[in-house]
Amino acid sequence: MSFSITDPSRRQKWIAGILVVTYAIVTLLPLVWIIATGFKTPPDSIAYPPKVFFSPSLEGYVNLFTSRSRVTPEDLAALGPPATWYDAIVRQYDMVITGPSRYGERFLNSVIIGFGSTFLSVFLGTIAAYAFSRFKVPLKDDLLFFILSTRMMPPIAVAIPIFLMYRQLGLNDTHLGMILLYTAVNLSLSVWLLKGFIDEIPIEYEEAALIDGYTRFQAFYKVVLPQAATGIASTAIFCLIFAWNEYAFAVLLTSGDAQTAPPFIPTIIGTGGKDWPAVAAGATLFLVPIMVFTILLRKHLLRGITFGAVRK
Amino acid sequence: MAEVILRNVFKSFGATQALGDVSMTIPDGAFVVLLGPTGAGKTTMLRMVSGLDRPDKGDVFIGGASMQGLTPAQRNVAMVFQQYSLYPHLTVRENMEFPLKSPLLRTKPAEIVRKVAEVAEILQISHKLDNKATALSGGEMQRVSIGRALVRNPAVYLMDEPLSSLDAKLRADLRVELKNIQANLGATFLYVTHDQIEAMTMATHVGVLDRGRLVQFGPPREIYENPVSLYAASRLGQPRINILPADLFGPAPATATHIGLRPEQIRQGEGQEAVVKRVEHLGDQTRLHLTFKSHDLITVTSAHTDLQRDDIVKITPHRPFYFDAAGTRIA
Numbered sequence: 001m002s003f004s005i006t007d008p009s010r011r012q013k014w015i016a017g018i019l020v021v022t023y024a025i026v027t028l029l030p031l032v033w034i035i036a037t038g039f040k041t042p043p044d045s046i047a048y049p050p051k052v053f054f055s056p057s058l059e060g061y062v063n064l065f066t067s068r069s070r071v072t073p074e075d076l077a078a079l080g081p082p083a084t085w086y087d088a089i090v091r092q093y094d095m096v097i098t099g100p101s102r103y104g105e106r107f108l109n110s111v112i113i114g115f116g117s118t119f120l121s122v123f124l125g126t127i128a129a130y131a132f133s134r135f136k137v138p139l140k141d142d143l144l145f146f147i148l149s150t151r152m153m154p155p156i157a158v159a160i161p162i163f164l165m166y167r168q169l170g171l172n173d174t175h176l177g178m179i180l181l182y183t184a185v186n187l188s189l190s191v192w193l194l195k196g197f198i199d200e201i202p203i204e205y206e207e208a209a210l211i212d213g214y215t216r217f218q219a220f221y222k223v224v225l226p227q228a229a230t231g232i233a234s235t236a237i238f239c240l241i242f243a244w245n246e247y248a249f250a251v252l253l254t255s256g257d258a259q260t261a262p263p264f265i266p267t268i269i270g271t272g273g274k275d276w277p278a279v280a281a282g283a284t285l286f287l288v289p290i291m292v293f294t295i296l297l298r299k300h301l302l303r304g305i306t307f308g309a310v311r312k
Numbered sequence: 001m002a003e004v005i006l007r008n009v010f011k012s013f014g015a016t017q018a019l020g021d022v023s024m025t026i027p028d029g030a031f032v033v034l035l036g037p038t039g040a041g042k043t044t045m046l047r048m049v050s051g052l053d054r055p056d057k058g059d060v061f062i063g064g065a066s067m068q069g070l071t072p073a074q075r076n077v078a079m080v081f082q083q084y085s086l087y088p089h090l091t092v093r094e095n096m097e098f099p100l101k102s103p104l105l106r107t108k109p110a111e112i113v114r115k116v117a118e119v120a121e122i123l124q125i126s127h128k129l130d131n132k133a134t135a136l137s138g139g140e141m142q143r144v145s146i147g148r149a150l151v152r153n154p155a156v157y158l159m160d161e162p163l164s165s166l167d168a169k170l171r172a173d174l175r176v177e178l179k180n181i182q183a184n185l186g187a188t189f190l191y192v193t194h195d196q197i198e199a200m201t202m203a204t205h206v207g208v209l210d211r212g213r214l215v216q217f218g219p220p221r222e223i224y225e226n227p228v229s230l231y232a233a234s235r236l237g238q239p240r241i242n243i244l245p246a247d248l249f250g251p252a253p254a255t256a257t258h259i260g261l262r263p264e265q266i267r268q269g270e271g272q273e274a275v276v277k278r279v280e281h282l283g284d285q286t287r288l289h290l291t292f293k294s295h296d297l298i299t300v301t302s303a304h305t306d307l308q309r310d311d312i313v314k315i316t317p318h319r320p321f322y323f324d325a326a327g328t329r330i331a
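Residue numbers (the working numbering), protein chains in the order written: chain F, 1 to 312; chain L, 1 to 331.
These are calculated hints, taken from the structure and not from any lab test.
As the structure is a prediction and not an experimental result, all values here were calculated from the model.
Virtual Cβ for every residue (Gly too), placed ideally from N, Cα, C.
Heads up, some of the hints might be wrong.
Output of the computed footprint for chain F on chain L, the stretches with three or more beta carbons under 8 Å from beta carbons of chain F [said to hold, decoys possible]: (1) 52-66; (2) 69-76.
Heads up, simulated DSBU-like pairs for lysine-lysine below, C-alpha to C-alpha not over 30 Å straight-line [unchecked claim]: (3) LYS169(L) x LYS115(L); (4) LYS115(L) x LYS179(L); (5) LYS222(F) x LYS108(L); (6) LYS132(L) x LYS299(F); (7) LYS222(F) x LYS132(L).
In silico negatives: residues of chain F with every beta carbon more than 10 Å from chain L [claimed, not checked]: (8) LYS13; (9) THR22; (10) PRO30; (11) PRO50; (12) ALA88; (13) GLY104; (14) ILE112; (15) PRO161; (16) LEU176.
If we strip away everything but chain F, and leave its shape as in the complex, we get (with noise of 0.2 Å):
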């Protein structure tokens, strides 16, 4: 076999290979038991020893979407045979389904306010870095360190000013608001990271648009955004699984209109037993929409798209 620097060593990628399956387990198997148990039983939700093999059933994900009441056996059979499948589902237990649970709200909520806050702070961001990048700006460097600097405390430390202001306002529990705090909070990561990506493209191609006959706002459209697409991207997932996953703030500012799934999920718990499968069922769903955003945006995480395309 030859023998080459940079080329790993059967042996090395083997060792490589290992530490990668291992590492894919260690962090893959709490995930796969949160669906697993989505599609337990609840007794076999909480079957000791664990079970790993079960037959599966939709009760989690029946319940997660439901609201349900129990009545006497005398009123069930009264009611006749059940119209659908989920009917019968909840029939079991002697229970008849009321109406839709609150979790479709909550997961719109979640829809809108993350996506909406990751949309605003990757395009405040953009623009905040395409300026700290290109042009002359005052205090550059003190203002960069100021907008880093907001992310030096745990955002959670400044809860208690942030709920009496938004009170206020009128903000708590509108997804306004909690659009404008994620993007608050996010804002300086996008600032940062897309700085970076923005510096890395040279400014030969603005000037090269200018001198096509664009003005600088079409330069900047028509070249540097393309360019920037792979840090844009990024930074886009990055925002999004901020606002998607966080839990303190949405417990405190929201109650109804505008709460997001994540402080709602825990409290299916409350109702009516600890409904595991529907937890884990709303967990799994949960994850579905980071999932697909990030396998879309996948390709544009791959760097080196202008790799040679200016001599340096």
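Dock chain L against the given chain F, drawing on the hints supplied.
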């Protein structure tokens, strides 16, 4: 096409003065080559005309109109950068269409197709039009970059060492091609190069820049045969002009400190003896490295010379240049 005038242009970057009081008139249809070492202000001059940088003082006129406060787009200039700055997210065709599709030109689609095909043909990149710009070799990228300028019909073409990254054959081809294009279009060119042959063959005028000042401006032959200073004389000529103490060959003008001898100003076969140190056969000519009174000098002789190392050659100056202590030519 238009006449370009720089009037008393000053430009500093921080403490460094890039241009100091440069005035120059580029006649309509002229091919002006700027010469000077790195840092002489050549690129800065291009950027002044293009509008990418603004003069601290002074003014630039294109086609008789002051360019003060006008953006690069409003000036209608085309520029080829030293770095081949192709848009990496676009194909070759899209790169070349880019200026034609700008709000400045708004070219009709049929016209765009025709122009791009025509220029691609000239630059021998027709077969690469649908490649990604990043999938080209350096030479191809630079040709696309030139193509992006040539599809337009601007007031002036600005080119910053456009051929420097190409291989010798392509450079020779494109040199002729560019000159033809310029002559056919009657286009005004402002062109920066380090290449002596490019300067001599393409230019109608040469501007010699020295630390931000224009020290001589005129036809290339005039600069070559009648340089105003030691500095201007050493910009052109291959091998370079020999600079020696003024009185080395005999009496010199009173204030002269240096004598300047181009190879054709050294007559062989008469005068005083010099020793051959090295013989370089270049094919079409032969270079002789001589030692004369412990000074080195280089001259040219016939391609088929029999001279060898340590042979003796008699040499004498023929209508040499004399320069004073400040480098100004006095005779």
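Taking the hints in turn, this is what the structure says about them:
no.: 1; hint: 52-66; result: violated (count 1)
no.: 2; hint: 69-76; result: holds (count 4)
no.: 3; hint: LYS169(L) x LYS115(L); result: 25 Å, holds
no.: 4; hint: LYS115(L) x LYS179(L); result: 19 Å, holds
no.: 5; hint: LYS222(F) x LYS108(L); result: 20 Å, holds
no.: 6; hint: LYS132(L) x LYS299(F); result: 17 Å, holds
no.: 7; hint: LYS222(F) x LYS132(L); result: 16 Å, holds
no.: 8; hint: LYS13; result: 30 Å, holds
no.: 9; hint: THR22; result: 37 Å, holds
no.: 10; hint: PRO30; result: 40 Å, holds
no.: 11; hint: PRO50; result: 51 Å, holds
no.: 12; hint: ALA88; result: 55 Å, holds
no.: 13; hint: GLY104; result: 40 Å, holds
no.: 14; hint: ILE112; result: 32 Å, holds
no.: 15; hint: PRO161; result: 44 Å, holds
no.: 16; hint: LEU176; result: 35 Å, holds
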